[in-house]
Amino acid sequence: MGQVAWKALFLSLFDYKTEKYVIAKNKKVGVLYRVVQLSILAYLVGWVFVVKKGYQDTDTSLQSSVITKLKGVAFTNTSELGERLWDVADYVIPPQGESVFFVMTNLIVTPNQRQSTCPESASIPDALCEKDTDCLEGEAVVAGNGVKTGRCLKDRGSTRGTCEILAWCPVEKRSKPKKPLLGSAENFTVYIKNSIRFPKFKFSKMNVLATDNESYLKTCRYSQEHPYCPIFVLGNIVRWAGGDFQEMASEGGVIGIQIEWNCDLDKAPSECNPHYSFSRLDNKSAETSISSGYNFRFAKYYRDVEGVDYRTLIKAYGIRFDVMVNGKAGKFNIIPTIINISSGLALMGAGAFFCDLVLLYLIKKSNFYRGKKYEEVKSSSRKSLSSPTLNGNQSPDQLGGL
Amino acid sequence: MGQVAWKALFLSLFDYKTEKYVIAKNKKVGVLYRVVQLSILAYLVGWVFVVKKGYQDTDTSLQSSVITKLKGVAFTNTSELGERLWDVADYVIPPQGESVFFVMTNLIVTPNQRQSTCPESASIPDALCEKDTDCLEGEAVVAGNGVKTGRCLKDRGSTRGTCEILAWCPVEKRSKPKKPLLGSAENFTVYIKNSIRFPKFKFSKMNVLATDNESYLKTCRYSQEHPYCPIFVLGNIVRWAGGDFQEMASEGGVIGIQIEWNCDLDKAPSECNPHYSFSRLDNKSAETSISSGYNFRFAKYYRDVEGVDYRTLIKAYGIRFDVMVNGKAGKFNIIPTIINISSGLALMGAGAFFCDLVLLYLIKKSNFYRGKKYEEVKSSSRKSLSSPTLNGNQSPDQLGGL
Amino acid sequence: MGQVAWKALFLSLFDYKTEKYVIAKNKKVGVLYRVVQLSILAYLVGWVFVVKKGYQDTDTSLQSSVITKLKGVAFTNTSELGERLWDVADYVIPPQGESVFFVMTNLIVTPNQRQSTCPESASIPDALCEKDTDCLEGEAVVAGNGVKTGRCLKDRGSTRGTCEILAWCPVEKRSKPKKPLLGSAENFTVYIKNSIRFPKFKFSKMNVLATDNESYLKTCRYSQEHPYCPIFVLGNIVRWAGGDFQEMASEGGVIGIQIEWNCDLDKAPSECNPHYSFSRLDNKSAETSISSGYNFRFAKYYRDVEGVDYRTLIKAYGIRFDVMVNGKAGKFNIIPTIINISSGLALMGAGAFFCDLVLLYLIKKSNFYRGKKYEEVKSSSRKSLSSPTLNGNQSPDQLGGL
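As given, the protein sequences belong to chains A, B and C, one line each in that order. Going by UniProt numbering, 191 is the number at position 191 of the first sequence; the sequence numbering is gapless. Going by UniProt numbering, 190 is the number at position 190 of the second sequence; the sequence numbering is gapless. Going by UniProt numbering, 173 is the number at position 173 of the third sequence; the sequence numbering is gapless.
Don't take every hint at face value.
Pairs count within a copy or across copies, as identical chains cannot be separated in the list.
[Stated by the list, open to error] Derived lysine-lysine pairs resembling DSS-like cross-links, with alpha carbons at most 27 Å apart:
id, residue 1, residue 2
1, Lys25, Lys154
2, Lys7, Lys365
3, Lys364, Lys7
4, Lys365, Lys300
5, Lys53, Lys200
6, Lys267, Lys154
7, Lys315, Lys218
8, Lys179, Lys364
9, Lys154, Lys328
10, Lys176, Lys300
11, Lys7, Lys28
12, Lys131, Lys331
13, Lys202, Lys7
14, Lys7, Lys27
15, Lys173, Lys154
16, Lys53, Lys331
It is worth saying that the hints were derived from the structure and are not from the lab. All figures in this text were calculated on a predicted structure; none of them were measured in a lab.
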């Protein structure tokens with residue numbers, strides 16, 4: 001090829017090639033296609049852009065920090081503990097004010113436990129015995145509190161008893177107050193301080209209202225009317241989660257406090273506000289006793305004058321609150337905008353494909369249109385081009401027109 | 001249809017149908033189209049493939065385990081506590097070395113609290129009284145420490161006093177050392193051990209350098225020069241997060257330590273390294289006193305010789321460190337590669353659509369090209385095909401050519 | 001334009017325009033195209049729809065709540081502690097039953113530490129001295145337990161000694177039992193209660209089997225045969241994670257318990273079940289001593305009759321268990337279905353583009369087909385249309401046919 005040919009080749013690069021279309025003057029398919037186009041457009045504009053904000057880049061990797069602080073005191077007067085006042089340091093576990101905190105509302109106290117021998121609790125099947133050989137020395141009681149010493153302890157005159165065990169003695173007696181000891185925890189308040197950050201957009205915010213009115217933040221309580229007040233009454237939280245406080249206080253339970261940040265950063269920062277929701281996380285509907293409620297045991301250790309350890313065992317029932325933060329921020333970005341528009345256009349192609357099917361195979365004159373749409377060329381006979389198949393009589397050879 | 005017809009139908013399945021194109025020898029639109037094509041190609045290759053690594057399958061569901069261990073001792077000499085040495089077991093709460101840990105740097109100690117009656121702190125508005133009827137018996141002091149006994153305690157000669165309460169007495173006196181007690185915590189070090197796993201790619205790694213030089217790992221300190229040393233000086237962390245250690249130590253605060261793993265698994269595993277960043281999580285800019293700092297109360301319980309409980313209440317100020325790990329790993333995969341290429345091609349279609357608009361409606365000879373692109377067929381008059389509309393005189397009937 | 005023209009324009013909106021195709025009777029390319037189409041269809045149906053369930057909307061933002069409860073007692077008899085029984089309140093830290101819990105299996109106890117002066121441990125390099133000036137008064141021992149008093153304490157007759165320090169004295173002696181003290185923790189069980197919720201689909205479930213047979217839930221143990229029993233034997237967990245319990249019990253370690261919920265909500269809720277997996281999170285392969293094992297120090301504080309504080313320091317070795325829950329739920333939704341289908345169709349376009357390349361540039365008669373596919377129009381010479389370039393002799397000017 002000479003220089004001229006190369007030049008022609010180069011110039012041909014800038015010829016614009018455009019698909020050749022056949023206009024089928026068929027109003028039915030035409031209307032159908034317009035309907036399909038409008039539907040896709042409506043979907044693209046209405047759903048993808050307006051509802052789903054497809055023109056935004058989103059950040060879901062939220063950085064969050066939660067600080068919680070409880071307030072409230074409760075007074076109890078029981079035969080076991082006498083007059084006693086409970087404050088934050090007594091009933092919040094752990095004390096650090098993290099995002100998961102537990103409020104003790106009911107408890108079984110077993111004071112003055114020491115390492116010694118005593119009869120195992122009679123409510124444990126494995127500890128029941130009739131003679132010493134039922135209590136194999138050194139064997140741990142299954143689901144029990146200690147190791148068997150090999151003796152069977154019986155009340156005078158009875159034939160059955162329980163194994164003697166080496167344990168923290170005396171063992172816990174299995175009965176808890178039916179009425180929760182700290183039922184007044186219903187009025188305690190918790191202050192939840194949550195600061196978040198969307199690293200992709202370098203946007204930070206706090207759930208505490210930026211207000212000059214400091215006393216508002218000390219006296220307000222979260223409610224429908226005060227949706228941005230960060231102080232919550234425990235009783236309300238439980239009620240909103242669909243629970244009954246006194247019942248949960250007695251048996252224990254787990255409440256989830258969801259904080260959701262759904263921010264449109266194309267708007268003003270003040271429009272980006274947390275939304276709170278509350279749910280019960282320990283499945284109450286499950287009626288099996290093994291899965292309801294929430295409790296755990298812990299001990300306070302003491303040492304007497306002779307240097308011997310003893311402890312107070314506490315089986316604590318109460319409500320655990322899990323503060324869970326999640327969020328999403330969106331901001332205009334050209335890339336997702338382009339991607340969404342072009343995927344919409346690709347969808348238009350799918351719509352055209354569907355209408356083609358109707359035009360070519362479902363309407364009366366489909367044979368005729370098939371002939372028009374598909375132009376047969378055969379390299380063997382050069383004349384084929386100037387006379388494309390004019391009649392509509394060619395059903396079989398174009399059936400594969402997909 | 002006979003056997004021949006069926007055979008023809010079957011054969012026609014393997015005819016290749018290709019769109020017919022019209023070559024418009026219009027250099028303006030041609031150049032425009034090439035520019036559009038090149039832009040899309042550049043976007044696809046440059047942004048999607050090189051920057052965003054669109055040829056990779058990604059895994060963002062990181063499994064992470066964090067172990068932290070603090071080292072350091074501080075000596076204090078105060079009138080209240082005397083000479084005292086603080087070690088890890090004293091100032092780290094909780095002691096387990098989890099990803100969230102608190103270093104106590106300042107504290108208000110209220111020793112020897114017992115369950116009894118005493119005057120409420122005068123700084124609590126609800127406890128102020130002038131006569132006994134101001135102190136309703138049995139009512140809890142709002143934001144206070146106990147339950148009112150019904151008596152108003154006044155200093156001799158003064159008309160105002162505070163209600164007597166049943167509480168852990170004496171109540172906390174509200175003043176904390178201005179200078180943080182454990183200011184020397186600035187020099188404490190924390191060793192952060194973080195092992196991660198990307199389950200999708202079965203890839204595990206640790207932030208601890210695989211080195212033979214064991215003493216390096218014992219003596220190094222994280223800094224710009226030692227970006228893979230896992231031992232951090234607390235003072236540096238606070239400084240990098242933009243805080244002042246002594247001030248935070250006095251008031252308390254929350255620091256986030258972000259560990260980011262951004263791994264390209266197509267490269268060698270040694271290229272996959274953590275990147276640390278530090279930020280202050282309790283919003284310092286918020287000037288309201290209710291939302292600054294970080295502190296909590298806890299108590300140590302003792303029992304005296306008579307078996308009566310007493311406690312030491314500690315209001316702890318300090319710095320909470322939240323170690324947050326996130327990460328992303330990518331590895332070549334054919335599926336996202338195909339999807340990205342074909343979405344790029346779909347974008348080309350959108351480009352062609354845009355150039356069509358220019359060709360058919362914006363340039364001078366658009367009428368002519370419209371006539372060429374759209375071939376009108378009418379099933380009623382069979383002759384339409386052999387004489388397509390040759391003149392450019394047909395503006396109205398093709399305007400809907402979208 | 002008159003009224004007629006406007007009407008024609010309006011009507012033309014409902015003409016259907018369809019791409020004109022050229023049928024190339026070339027079986028090779030035809031078969032190739034069918035193969036490409038079938039591959040794409042197989043990929044779309046097989047991979048996207050069947051394997052990846054592309055017709056479903058997914059929710060990965062799981063809300064999860066984990067409650068853990070350990071059971072088991074261990075008996076130890078050592079010269080140091082005497083006969084002692086360990087129960088849940090003794091060995092689980094923290095006691096709350098959260099998703100991260102630690103089981104103490106080995107410990108170094110340093111009882112009766114008091115604030116006073118004593119020689120630093122000889123195993124700390126910085127504390128070694130030959131004369132008093134080696135021990136700078138007031139300086140903290142690097143990686144040590146206290147602050148130097150300025151005296152160098154030597155044994156009678158030796159030239160080297162250790163600095164005297166002000167600390168919690170006596171300091172910890174550095175040796176731990178080789179055989180883990182609570183090796184029998186291997187038989188302890190942990191009951192893991194996990195309730196999850198997919199907020200998008202308002203679907204909740206628990207890992208505890210909804211069974212009438214309550215005793216099953218009290219006696220079952222998780223295994224291959226009982227995949228839905230929520231009670232795990234610690235020894236089994238460690239074995240499944242690839243560890244050796246006795247060795248981990250001695251040195252400490254971290255085990256991850258992954259609970260994965262992969263739910264197809266188009267099926268019955270009973271088909272949505274958790275899948276458990278276990279892995280060792282502290283990288284054992286790293287041989288450096290600084291990064292193996294898991295331990296931490298904590299103290300129990302006591303007060304003697306004179307009101308002086310003393311403490312028992314415990315260096316606890318043991319196994320930390322991290323329960324990590326993740327999940328994904330899918331449910332049929334029309335939007336992702338449409339998106340996936342249309343992206344598949346876009347892929348078909350890419351396939352056609354590829355076959356075009358073959359047809360127009362790679363096969364023998366490509367010149368001929370190129371002439372057929374591209375119809376050259378020149379606005380300057382009106383005659384070009386009726387005689388499209390018929391010969392195959394036009395290679396250069398269509399090379400840019402991409």
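Comparing the hints with the structure gives:
1. Taking identical chains as interchangeable, the C-alpha atoms of Lys25 and Lys154 are never at most 27 Å apart, the minima being 103 Å within one chain and 101 Å between chains.
2. Taking the shortest Cα distances, Lys7 and Lys365 sit within 27 Å of each other only across copies (24 Å), while inside one copy they are farther apart (47 Å).
3. Taking identical chains as interchangeable, the C-alpha atoms of Lys364 and Lys7 lie at most 27 Å apart only when they sit on different chains, with a minimum of 25 Å there against 50 Å within one chain.
4. For the identical chains of this complex, Lys365 and Lys300 are neighbours neither inside a copy (91 Å) nor across copies (92 Å), given an alpha-carbon limit of 27 Å.
5. For the homomeric pair Lys53 and Lys200, the shortest alpha-carbon distances inside one copy (17 Å) and between copies (18 Å) are both at most 27 Å.
6. For the identical chains of this complex, Lys267 and Lys154 are neighbours neither inside a copy (77 Å) nor across copies (56 Å), given an alpha-carbon limit of 27 Å.
7. Taking identical chains as interchangeable, the C-alpha atoms of Lys315 and Lys218 lie at most 27 Å apart only when they sit on different chains, with a minimum of 20 Å there against 34 Å within one chain.
8. In this homomeric assembly, Lys179 and Lys364 never come within 27 Å of each other (Cα to Cα): the closest approach is 81 Å inside a single copy and 89 Å across copies.
9. Proximity of Lys154 and Lys328 under a CA criterion of 27 Å is satisfied in neither setting, with 65 Å inside one chain copy and 56 Å between copies.
10. Proximity of Lys176 and Lys300 under a CA criterion of 27 Å is satisfied in both settings, with 19 Å inside one chain copy and 25 Å between copies.
11. When the C-alpha separation of Lys7 and Lys28 is checked against a cutoff of 27 Å, the pair qualifies only between copies, where the shortest distance is 17 Å, while the shortest distance within a copy is 48 Å.
12. In this assembly of identical chains, Lys131 and Lys331 lie within 27 Å of each other by CA distance neither inside one copy nor across copies; the values are 77 Å within and 61 Å between.
13. With identical chains, the CA atoms of Lys202 and Lys7 are never at most 27 Å apart, being 53 Å at best within one copy and 56 Å at best between copies.
14. Proximity of Lys7 to Lys27 under the C-alpha cut-off of 27 Å is restricted to the inter-copy arrangement: shortest distance 14 Å between copies versus 46 Å within a copy.
15. Taking identical chains as interchangeable, the C-alpha atoms of Lys173 and Lys154 lie at most 27 Å apart only when both belong to the same chain, with a minimum of 18 Å there against 46 Å between chains.
16. For a Cα distance limit of 27 Å, the shortest separation of Lys53 from Lys331 qualifies both inside one copy, at 9 Å, and across copies, at 22 Å.
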